[in-house]
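Undergrad: Dock chain L against the given chain X, drawing on the hints supplied.
So the sequence lines, in the order shown, correspond to chains X and L. According to this note's numbering, the first sequence is numbered sequentially starting from 143. According to this note's numbering, the second sequence is numbered sequentially starting from 221.
Keep in mind the hints are simulated off the structure, nothing from the lab. Ideal Cβ positions, reconstructed from N, Cα and C, are used throughout, including at glycine. Some hints could be false.
[To be verified] Partial pick of chain L residues on the chain X-facing surface, computed with a CB cut under 8 Å:
id, residue
1, L317
2, E355
3, C356
4, T357
The chain contents come next:
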Amino acid sequence: MCWVGWVAGSRIVFVETIARVTGLSMAGRLTRPIADRFFVQWPQAQDQAPGAIYAGQLM
Amino acid sequence: MLVTVGTTSFDDLVVAADAAALELRPLDGLIQTGEGAAQPAHLPHQAFVPGLGDLFARASVVVAHGGAATTFEVLRSGAPLVSVANPDRYDDHQTDLLRVLDEAGHLIWCRELSGLVESIERALATPLAPLQEAECTIAQEIDRYLAQVRRPRPIWRRVLKRRDR
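Just chain X, with the same shape it has in the complex (with noise of 0.2 Å):
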């Protein structure tokens, strides 16, 4: 889904599940290359991620 609006032309911002701690999802690996910004719900992912960004924990 996140492609098909990256080739629309939509700005895409990504939350990743709190569940994934140290690692990337599926939907996150998948959209990790096109998301304008890029969102972790952990400090550590950023290790797995760089670029990505822990603004607090949604859930």
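TA: Leaving out everything else, chain L in the frame of chain X:
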């Protein structure tokens, strides 16, 4: 003792919790069996318990699968939590969350169902660390980002523009 597998199926946990209930008597309880087929023999059970979320705060201990929604709901209720990762979930990802919350002392991660009784006894006896939730500024970050960017061109416009050069 409140047992829940959320909205999923995790019969191994239901069976183990039912057996644990025998050993833990006179502790009474209730099991939400979710989509599973297992029928507990020693505790009352229901596929989906209405108002389950409100019962967490009154439970002496909650035994649950490692789903993120269940896990955070129980931790916020303040009830002692024993968590078991469901190995059938996609790429066994529940262990990732349970490991970090166990290390921080918020819950007891029961790694093997053979140790469930011992884990429950530990949760009943030892106070766990309350969850300290970080302030969430994701919404503000997205607002800030949207305020600063223009809408990018669709890819066909981008390709056409490149040809013009």
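Undergrad: Give a verdict on every hint.
TA: Hint by hint, here is what the structure shows:
no.	hint	result
1	L317	5 Å, holds
2	E355	5 Å, holds
3	C356	3 Å, holds
4	T357	5 Å, holds
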